[in-house]
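There are 2 protein chains.
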Amino acid sequence: MSISSFHPPKRTLMGPGPSDVNPRILEAMSRPTIGHLDPAFVGMMEEVKGLLQYAFQTKNALTMPVSAPGSAGMESCFVNLVEPGDKVIVCQNGVFGGRMKENVERCGGTAIMVQDAWGSAVDANKLEDALKANPDAGIVAFVHAETSTGAQSDAKTLVELAHKHDCLAIVDAVTSLGGTPLKVDEWGIDAIYSGTQKCLSCTPGISPVSFSEAAQKKISNRKHRVQSWFLDMNLVMGYWGAGAKRAYHHTAPINALYALHEALVILQDEGLENAWQRHQNNHLALRAGFEAMGLNFVVNEQDRLPQLNAVTIPDGVDDAAVRGQLLNDYNLEIGAGLGDLAGKVWRIGLMGYASNQTNVLFCLGALDAVMTEMGANINSGEAVKAASAHYK
Amino acid sequence: MSISSFHPPKRTLMGPGPSDVNPRILEAMSRPTIGHLDPAFVGMMEEVKGLLQYAFQTKNALTMPVSAPGSAGMESCFVNLVEPGDKVIVCQNGVFGGRMKENVERCGGTAIMVQDAWGSAVDANKLEDALKANPDAGIVAFVHAETSTGAQSDAKTLVELAHKHDCLAIVDAVTSLGGTPLKVDEWGIDAIYSGTQKCLSCTPGISPVSFSEAAQKKISNRKHRVQSWFLDMNLVMGYWGAGAKRAYHHTAPINALYALHEALVILQDEGLENAWQRHQNNHLALRAGFEAMGLNFVVNEQDRLPQLNAVTIPDGVDDAAVRGQLLNDYNLEIGAGLGDLAGKVWRIGLMGYASNQTNVLFCLGALDAVMTEMGANINSGEAVKAASAHYK
Chain A
1 MSISSFHPPK RTLMGPGPSD VNPRILEAMS RPTIGHLDPA FVGMMEEVKG
51 LLQYAFQTKN ALTMPVSAPG SAGMESCFVN LVEPGDKVIV CQNGVFGGRM
101 KENVERCGGT AIMVQDAWGS AVDANKLEDA LKANPDAGIV AFVHAETSTG
151 AQSDAKTLVE LAHKHDCLAI VDAVTSLGGT PLKVDEWGID AIYSGTQKCL
201 SCTPGISPVS FSEAAQKKIS NRKHRVQSWF LDMNLVMGYW GAGAKRAYHH
251 TAPINALYAL HEALVILQDE GLENAWQRHQ NNHLALRAGF EAMGLNFVVN
301 EQDRLPQLNA VTIPDGVDDA AVRGQLLNDY NLEIGAGLGD LAGKVWRIGL
351 MGYASNQTNV LFCLGALDAV MTEMGANINS GEAVKAASAH YK
Chain B
1 MSISSFHPPK RTLMGPGPSD VNPRILEAMS RPTIGHLDPA FVGMMEEVKG
51 LLQYAFQTKN ALTMPVSAPG SAGMESCFVN LVEPGDKVIV CQNGVFGGRM
101 KENVERCGGT AIMVQDAWGS AVDANKLEDA LKANPDAGIV AFVHAETSTG
151 AQSDAKTLVE LAHKHDCLAI VDAVTSLGGT PLKVDEWGID AIYSGTQKCL
201 SCTPGISPVS FSEAAQKKIS NRKHRVQSWF LDMNLVMGYW GAGAKRAYHH
251 TAPINALYAL HEALVILQDE GLENAWQRHQ NNHLALRAGF EAMGLNFVVN
301 EQDRLPQLNA VTIPDGVDDA AVRGQLLNDY NLEIGAGLGD LAGKVWRIGL
351 MGYASNQTNV LFCLGALDAV MTEMGANINS GEAVKAASAH YK
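Residue numbers (the numbering used here), protein chains in the order written: chain A, 1 to 392; chain B, 1 to 392.
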């Protein structure tokens, strides 16, 4: 056996994440590693916390990156807030609500499921009914931006309902952070987690989280120890907490945090509102292209995420063949359907650095060419023109 | 608020990890991100598994990197193998045995502690007594290379004892992998975890693990679901398992895995035995220097780890002042004592890429200069000479 260094192909990443990474971030990631208790590193940690507070629009002191991917960020919210016997209302309208249910049950809690169709937003009325039927529930959990369908739910209204019924609200913002309006304090979100590889266009592997004072209080007053040592916020905060003295908990992923720092500096420099506007603008251009081509969106217009565009695959078109040709001939990755939507939809990401005019036009042109070659029933040659017109 | 890009100082990392990272690895980490289901990435994953099997000296099919730091690798071994009510014998001779106890208890198990002095190896006789006294124990856990003290335990003998009493053996190899002989299959280890930031001299953030067939069988036959969704090996293997079809579990930390791949290629190219020999050789040079200076090792000669050298701080020397001056004036990081040894010892790492002649001589020279300036009672000017002589 003799294995050589790995040199990845250069892809354009327009799936559900990871998205294209800004070269500034890749360069930052390759800077020299220093110690996790080095004063220079501790200073950088403080900046990361401040920048995350800005990105989340919160003043929560307990705002920090979990040293593992978004799935671990999700788990950190549930293991810290759910105790054995707790009842949690979980709104599901795609894959990730199902994962929330798994988390609740593995913490010894009971998940009351509120189901909506995949591709729909969470229905506030159904949540209210569930809250009324379960006055002993203590937590409501839902996904703000469903990565599996491209649907956006009205987080503000859902959190209000949770609070009205004395519940804390856990929100999945993996795909929304940095790409679409998200206001943790204004909306009163109690626990939120995200990922680095979506609209922050950073490398995958880290999960920003934030907990409100009410959530922190619940964590401090738990009856049982948090079942995960690695994700126990009581311990993690000894390292990430304010103050000069940092207690060793685990070895932080130093270079991945350089990357996150750079990604957040880029977001700060662009301005959050400008980033949201850019995502919306490129989404509208892509939409114009898809409509001209004759492809239909999965999600109703008012609930669509600008950064994740799920479109129905036309009848007779071979899903895997199209994605394979895009990857092999165009070095372009788009996303397949997940779960109930597997084989039925494509998911086109316009996230962070990847949300730009070049990517929109390149993707539409490539998809048009591949489908036309396969004899698909689309309006060949119209998509790029329509999208270009949007930018004029 | 306006925060700028972070440019870390260039340190020499000779603490307990992270250790100096080979520039080849930093460069690999900055290569373009591709998708976690991209066929090119899946091919690289297979190579990482093969290279890890080589590093661990195992044919275990379930050998892979956990997408989080060593602490999560530890937790992945315990949450998968320990069920509520299980009795686990934990040998403790430093900080990390204590963390194992925490893990056992958070899984609902009972930890039977076998205590040895910090700085000593685990006493096989004490383990045997505990095994005889607890015939219902199902697992033995111990640390092969205690990062908090620099003591190495006789893993082969301890695993044999565990098996003789029908127990599985969980081994912490965070600091041993790649630095000192470790033979998973020959010694019969059932579950093992390590870290990337020690003797693989990679960036921190990933934890290689390996499970024997017996361990896999126990995981498949569990009565209760694994309490962590993120670390559930039954699910993780859907993504990392062999076969063309990879099921999405979580988004892999793509670039961190490029780095690990490169680190393992470097280890392969050097050869495992050569790497062990290099660590031993540089350790002997450092030892010659410390002895000439008049510093004493914490650990008995036969139990010393070559890659982590704990020495007693001479009376009257201000621990924090010395480490502070080394960092500020020499950009040199050495490790402080942990737990019971805080303020009493320094820990000098010679791990992976950092285990080289330049670092040995630089560290001895800097420590000599700083302590001499502070008026410490050492044989000033002798250390570098003695270590240099070793290399001649």
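These aren't lab readings, by the way, just hints derived from the structure by calculation.
Warning: the hint list may mix true and false statements.
Same chains, same label: a pair holds when it works inside one copy or across any pair of copies.
Derived pair list, reagent style BS3-like, types lysine-lysine, alpha-carbon separation capped at 25 Å [to be verified]:
(1) K245 - K344
(2) K217 - K156
(3) K385 - K87
(4) K385 - K59
(5) K245 - K10
Hint-by-hint comparison with the structure:
Taking the shortest Cα distances, K245 and K344 sit within 25 Å of each other only across copies (19 Å), while inside one copy they are farther apart (53 Å). When the C-alpha separation of K217 and K156 is checked against a cutoff of 25 Å, the pair qualifies only within one copy, where the shortest distance is 22 Å, while the shortest distance between copies is 47 Å. For the identical chains of this complex, K385 and K87 are neighbours neither inside a copy (52 Å) nor across copies (68 Å), given an alpha-carbon limit of 25 Å. For the identical chains of this complex, K385 and K59 are neighbours neither inside a copy (45 Å) nor across copies (56 Å), given an alpha-carbon limit of 25 Å.
In the homo-oligomer, the alpha carbons of K245 and K10 lie at most 25 Å apart only across protomers (23 Å), although the nearest pairing inside one protomer, at 43 Å, exceeds that limit.
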